[in-house]
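Participant: Take a look at the letters that make up each chain.
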Amino acid sequence: MARKAFMIDTSRCTACRSCQVACKQWNKLPADSEINRGSYENPPQLTPHLYNKIEFIETEVNGEFKWLFLNKRCLHCGEAGCLKVCPSTGALFRTEEGLIGFDKDKCIGCNYCVNGCPFDVPRYDADNKITKCHGCLDRVGNGLQPACVKACPTGTLQFGARDKLIAQGKTSGRKLYGEKALSGLGAMYLLDNQPQDYKLADNPSIPTSIFLWKDVIKPLGILGFWGSVGVAMLHYVTVGPKQLDDDTEAKGGE
Amino acid sequence: MTNHWIDIRNSDVILIMGSNAAENHPISFKYVLEAMDKGAKLLSVDPRFTRTSAKADLYAPLRSGTDIAFLGGMIKYIIENNLYHAEYMQLHTNATFLVNPDFKMPGELDGLFSGYDEQKRSYDKSSWSFQRDAKGVPKSDLSMQDPNCVLQLLKKHFSRYTPELVSDITGTPQEKLMEVYQIYASTGKAGKAATIMYAMGWTQHTVGTQNIRTMAIIQLLLGNIGIAGGGVNALRGESNVQGSTDHCLLFHILPGYLPTPKASWPDLAKYIEKSTPQTNDPESANWWSNRSKYITSLLRAHFDSGLTTEEDFGYSLLPKLDDGQNASWLMLFDRMFKGDVKGFFAWGQNPACSGSNANKVRKALAKLDWMVTVNLFDNETASFWKGPKMDPSQIDTEVFFLPIAASFEKEGSITNSGRWAQWRYQAVEPLGNSRHDSQVMNELYSRVCALYKKEGGAFPEAITKLSWDYGFKGLDGKIEHIDIHAVAKEINGYFLADKVVKGKSFKKGDLVPSFAYLQDDGSTNSGNWLYCQSYNGKGNNMARRSQKDPSGIGLYPEWGWCWPVNRRILYNRASVDASGQPWDKKQPVIWWNGAKWQGDVPDGGWKPLNQPGTKKSFIMLPDGVASIFGAKMKEGPFPEHYEPLECPIEKNPLSGTKNNPVIKLFYEEGGLEEDIFYSCDQRYPYVATTYRVTEHWQTGVMTRNIPWLLEMQPSMFVEMNPQLAAEKNIKNGDWVKVSSARGQVEAVAIVTKRFQPFKVQGTTIHQVGLPWCYGWSTPNTGDSANLLTPTIGDANTMIPETKAFQVNIEKRG
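So the sequence lines, in the order shown, correspond to chains A and B.
Counting from 1, one number per residue, gives the positions in the first sequence under my numbering.
Counting from 1001, one number per residue, gives the positions in the second sequence under my numbering.
Next up, chain A with everything else stripped away, as it sits in the complex:
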């Protein structure tokens, strides 16, 4: 199946936050009790009960005051740090549409994915199980749009075939963020300004330590494991099964 993705056109976002609420409604997520800290941006961060949120960024671009709105969520990376580091098979997984889902039953609560994510997305709930945007894989798998996309009144959020969204995005004249990074993000942005104005990394990458873990140490470890199995096999084939020392047995040990 062709890879699917979100396209987030920031120029159309009015920060109405129906995406935040629709997500909570579909995914049956409770409200966090909140206080106002001197901003509209509440909660201030993603939480175990908040899979996507709008960041309200007051900034100046070329001397002009701007109030920028950015939908923050799991970007469903093509090369996903979380997936790479996850030691528990199936706790994080990629759907056939290319989204990164999770299975709480298989999560072992190691928190590795938190360190593996270049966008500070995964959160752990009270049971120490991973939560994050899973792209409404239950809806998408049944031919529906993700809840946030369905609720968006301005067309800021779109979901569909990734290559088509890219082709459309390129005609908009806006900066397309995430086409190539990390083997292509599964949630891309169309930006009116530079990525850093939205506090987005120019070239997002998986932390080197993770790269080492996943691409060097983990493979080596796996290699080591299978290596020892292999050596044992080789030994079995060439030398044959280990023979119990009849004498030892007979003697009942030393």
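Warning: the hint list may mix true and false statements.
[Stated by the list, open to error] Stretch by stretch, here's where chain B covers chain A in the computed footprint (C-beta under 8 Å, at least three residues):
(1) 14–21
(2) 27–36
(3) 64–74
(4) 83–97
(5) 142–155
Since the hints were derived computationally from the structure, they do not count as laboratory data.
Ideal placement from N, C-alpha and C gives every residue a C-beta, glycine not left out.
With the hints as your guide, set chain B onto chain A.
Facilitator: Then chain B, alone, in the frame of chain A:
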């Protein structure tokens, strides 16, 4: 709205001023963005940089309460640069009319128009009139050069509004003013359209009506009324507030904008005589000359159809206002506060938070004998007796709470800002003991009626003679279940006798096809003439759902139904020239094909203006044209800038008349302490305004009970600029006390560059803003911003001035 929501996408320039559409009408932005996709420019003018401003091509700040100065400068700019649409003005407005030479303007009379009576605080309007010929038709000068013609007077009046002076009043930098003027005035050409989206940021001022008038004048100068993408568009604050206004929400009108009877109009003949506008112009349709048909049909719908012509069809049973009586919101609560009101239904409302000067409102509720609150949730009104500063042992008000069905728990019609009546269906059964409003009213009616029948009383016929045929009656005469379709059909109207009208014969019981068929002989009824056609022989037109758009401009004529007679754009005969050809060839609303009109339902079906037998294009006005000179206004036929009642400056920079000279002053010598105000007072040095937020709705009764929404906007806040915060040693997130002459609230400081200080009259003026969506009954959210707002209203409508008043702020100790 003269136009409708979808039509916003047809605009070339969109001015959002006096509203914050992105935050408070989020769906409208679908169409704003569609217009911008096609190259439209979005202008945001607001004291504060909002989520609307964040999307705008241009943002211009202005001090609250100075909109007339801002827009007056635009009128000057348009006229002096010849950017107006002269042909449009000659055909469709009174710009050419000659005014009485005795008429004097504020430039000559230090801020006043001729005829002011200081004692009465009102005007003798005799000089605010047109010169008329022997037949009584206004004289005009088509060249618009006569010094007494409306255009020349307008030019003279607004010549005082120079960019320097406007900037000095509004605090808007001059270059921003000029940019706004330039972009907006670029639509004075045929084929260009600009729209205004406004809301309570314009209406809730002592000059609220004149704010809208100023914009209407601009739209008429530019030829922007009647065309696609144009108009004067009020964004209504509730999903059905248009419907409730149409059906007489306000004290001074009956359904369909018929005037409320007065004590001095004792019978129907007098009512018709006094309330029907007259014209001597044979080319004026003067549609209100049909008043007698509409009031008679209304009476036939209200009261027992057995009532006869001799009984005036029950006219005497209608409640009447005393002559000169104003029964608006502020007056109602003033009377209640003084103990004149015994009982009160708070139906779907929360005045303890929504009412201006809420402390006074809350005290007034304690003077009632009884109050019935009808709502989805408990709220500050229903529980006022246990609220802050209340001693329940001292309050004798008996309070009843009736739980009511929510919108999705009931079937019925809803009318949006664009006048579309749309039918909606019940999705789920009402929860618990809550009921449909009509069921509650039915219970009330049947019980009160039974009591009147049994016990008599002062005036029982007003109730016992009501017509109440909305469902199957049991043996006891009571209707068990109200049929909401029967209500909708009666609003449309029936023939009550066999009748031939316009060559068509109708049987008794037939639904009336449209209001052109209503009669004044008692043979038709109609609960609201404007809705006649909504539910006729073709069925329930409000339930139509066709997505066909033959116009290509988004009229969708078979989606729902729109008043009047499914006309989607009002005044659309101004969208064409004298020969009936559209100014805008690419987006025509209507056009004359040589034999008939095509496109939208034309505003009167007469031939084009250059053909014999035509009628002028503004059919609801006696002169047949739009009023640039509007003598109906209480404070003057042209708008003039006056400062808000509470303002930060000593003197009106334009004249010696500081405030609107005809507003009713509540706090006078010996007035109520509750109504106190302080203008230009060191104790309350900061301008304040109130607003809504996307996340909450109105006073928040519904949204504060939804934890997801409370999570996003958890509590009361006050926004201020960093300079003011530094002066007051307030940091972002600190708790602050905000106080006015009348009350105090606590709020979290949001220190933001989205507010900037204003340079006015050589001084720095700070403004702060607070939402009014919180109330004490939801824990930890704070209380209403309306504890601060004043008891003062607009001169014409008495809508309270909650958008500009004075406060102090202090860090909470």
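Participant: Now tell me, hint by hint, if it's right for this structure.
Facilitator: Against the structure, the hints come out as follows:
1. Coverage of the region 14–21 of chain A by chain B holds. Counting CB-CB distances below 8 Å, 7 residues qualify, and the rule asks for three or more.
2. Coverage of the region 27–36 of chain A by chain B holds [criterion: at least 3 residues with CB-CB distance below 8 Å; count 7].
3. Closer than 8 Å: that is the beta-carbon criterion, and the region 64–74 of chain A has 5 residues meeting it against chain B, so the requirement of 3 holds.
4. Only residues whose beta carbon comes within less than 8 Å of a beta carbon in chain B count, and the region 83–97 of chain A has 0; fewer than three means the coverage is violated.
5. With 3 residues having a Cβ less than 8 Å from any Cβ of chain B, the region 142–155 of chain A passes the three-residue criterion, so the hint holds.
Consistency with the previously given hints fails for number 4 only.
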